[in-house]
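Chains W and C are the protein sequences, given in the same order.
This note's numbering numbers the first residue of the first sequence as 2 and each following residue consecutively.
This note's numbering numbers the first residue of the second sequence as 4 and each following residue consecutively.
Keep in mind that the hints were calculated from the coordinates and are not lab data.
Just to be clear, a hint being listed does not mean it is correct.
Stated by the list, open to error - In the SDA-like style, the derived pairs of lysine to any residue whose C-alpha atoms are separated by at most 25 Å in a straight line are:
1) W:K72 to C:R133
2) W:K138 to C:L151
3) W:K138 to C:P232
4) W:K159 to C:R320
5) W:K35 to W:G80
6) W:K135 to C:S135
7) W:K72 to C:K43
8) W:K351 to W:V295
9) W:K72 to C:S135
10) W:K143 to W:D158
11) W:K72 to C:M218
12) C:K132 to W:V34
13) W:K72 to C:E26
14) W:K103 to C:P232
15) C:K43 to C:E26
16) W:K72 to C:E216
17) W:K72 to C:N219
18) W:K103 to C:R239
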Amino acid sequence: MSSDDSVQRIERGAAFLDVRDLKVHFPTDDGLVKSVDGISFQLERGKTLGIVGESGSGKSVTSLSIMGLHKRGVAQISGQVFLDGQELVSSTPDEVRLLRGKRMAMIFQDPLSAMHPFYTVGQQIIEAYRVHNKVSKQVARKHAIEMLDRVGIPQPDKRVDAYPHQFSGGMRQRAMIAMALSCDPDLLIADEPTTALDVTVQAQILDLIRDLQREFNSAVIIITHDLGVVAELADDIQVMYAGRAIEYGTAEEIFESPQHPYTWGLLGSMPRIDRERTERLIPIKGTPPSLINVPKGCAFNPRCNYAHLNGGASETDRPELLDVGAGHKVACHLSPGERAKAWETDIKPKL
Amino acid sequence: MIVSAITFSIFYLVPRLAGATPETLATRYVGRAATEETVKLTAERLGFYDPIAVQYWNWAKGVVVGAEYDYGSGVESCPAPCLGYSFITKQPVWPELLDRIPVTLSLAAGASLLWLLAGVATGVLSALKRGSIFDRGAMIIALAGVSLPIFFTGLLSLAIFSYQLGWTLPGGSYTPFTENPVVWSQSLILPWITLAFLFSAQYARLTRAGMLETMNEDFIRTARAKGLPERTVVVRHGLRGALTPILTIFGLDVGLLLGGAVLTEKTFSLPGLGKYAVDGIVANDLPKILGVTLVAAVFIILANLVVDLLYAVIDPRVRNQ
């Protein structure tokens, strides 16, 4: 009986969103592209997870495959994704579709191209609401105006009939957020929500996302290459490199005592207001690896300044993502002592 | 206006360049047996000795307010829009055109509706099932449709469906819609299909290319992220986005067709504008040719106007703020 219970619990996932060993592979003529190669994380309602990485590290593909928006028929997807107990990878496309927009919603990077140019903002929000709610157009329209008001669009009763091209960039992203939140989703995925916006507008949008998250008590995944954004919003941060998580921890841990040389590199290349202006940013040398020919061993080894300390292990063995205390996980061959020393002496003074 | 001036100049200058004199033109009205004096008199009365600008002015005036022709023994009045008299039948051109416009209109309306539906539907399905057997088959048929001339597919379909199977009426049995709608549609069904086959091929290819592009747009991903059913995503979001270039070509094609689908009308013996023009050309009947050309030009201009207005309906970004 008790063993049955535990099986039941495992099958339904432990957290509100429970991603286990998610893999998304694309077979191409040049070889198998391992966009996401074994990602696991958990996220509760009301919490925010930041997924950080360079272009091509698999962060967007991760979110699209959770939403079931990956290219069907092309992608090979394995692993498990539990949303409030329902497994999504093995669900039919239609089952996942009914969850999309209702229980999980997404905000995209470029709000201009993400909205249909031929329909008014109102029509698009009404459409999103009416897929999942059997209400009349008038009721849905009232709801759309309410949503626009909630995301801070002035004169929502007039703007509801405007077209996306008549909105400014920030307003468009607000309208996208209104559309995403129209069905009160439990999970909101924001894929680089501020990348296409002015710096002044970025802060407003991030504030808005945070406020709405509190109001709706939803789980939020925020995907970005901008550590400033996750510093603002995230409770937990997952750093991705070449389709795998290489470090995972609370935002505090990641910023105060990062463990992985790649995370150090990201922190070093982030401009900071409290740094001397004469100091240079420290870029990560080299370029992100091809996802077809991921380097053997630790995928980061060709770009790592500390790979030589591991006696060849970096080039041959892939490091596992291991707990280094209090849920802070890292995938690195360096010993805790070496990491602590490198961080204290080489990296921290330069940040 | 400009179109009419250019058309007029071409049709009056070219015969001159080819060696025609006012006398030979006048001969076409009075017949070969007439004396030289009569010919000269007729040419004089019809203004063939006037400079081209004056001739154009008189012709244009005829179109707008009508004209009166003094043919010696009496005055023939030709009410506006007067496009002159046929050299051969001695009938005014405009009423003859009026008789033929409904035929061409019927042909163009039915065929365009058919090819738009068939072409767009095939294109959408091909794009969605890209690389499938359906896609390849449809594109091969489309290639055949573009390549095969009307007089081949038309005669073939006439031979099979009309003469062998007896399902449709043979060529030349056109009846106006107002007289008998059933016979009207029966006599037009083969021309419709034949013409639509030629055009829908082009539309299928165009739609397919447009859909392949549109379905990769970000707003399609947004539509899917909302949880919309795939059919809504394809039709409401995808097709709507791919429709603009199709509409452009559609307007041009319909406009062209209204000026006379020469080959189709000839093949199926439909008494439309195209056949009228061909008869005019064969008989060297200048007023006829001029009349058809003017009507065709008007149709093309109208079609373009309608397309421009439709743009604003389809794409809100085109509308003035």
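Hints versus structure:
1. W:K72 to C:R133: holds (14 Å)
2. W:K138 to C:L151: violated (49 Å)
3. W:K138 to C:P232: holds (18 Å)
4. W:K159 to C:R320: holds (18 Å)
5. W:K35 to W:G80: Holds. K35 (chain W) to G80 (chain W) sits at ~14 Å (cutoff 25 Å).
6. W:K135 to C:S135: Distance ~37 Å between K135 (chain W) and S135 (chain C) Cα, so the pair is violated.
7. W:K72 to C:K43: violated (80 Å)
8. W:K351 to W:V295: Between K351 (chain W) and V295 (chain W) the Cα gap is close to 30 Å, so the pair fails against 25 Å, i.e. violated.
9. W:K72 to C:S135: holds (17 Å)
10. W:K143 to W:D158: At roughly 9 Å apart (the allowed maximum being 25 Å), D158 (chain W) and K143 (chain W) satisfy the hint.
11. W:K72 to C:M218: Distance ~12 Å between K72 (chain W) and M218 (chain C) Cα, so the pair holds.
12. C:K132 to W:V34: holds (23 Å)
13. W:K72 to C:E26: Violated, because 76 Å separates the two Cα atoms, which is more than 25 Å.
14. W:K103 to C:P232: holds (13 Å)
15. C:K43 to C:E26: holds (6 Å)
16. W:K72 to C:E216: holds (15 Å)
17. W:K72 to C:N219: holds (10 Å)
18. W:K103 to C:R239: Between K103 (chain W) and R239 (chain C) the Cα gap is close to 20 Å, so the pair holds against 25 Å.
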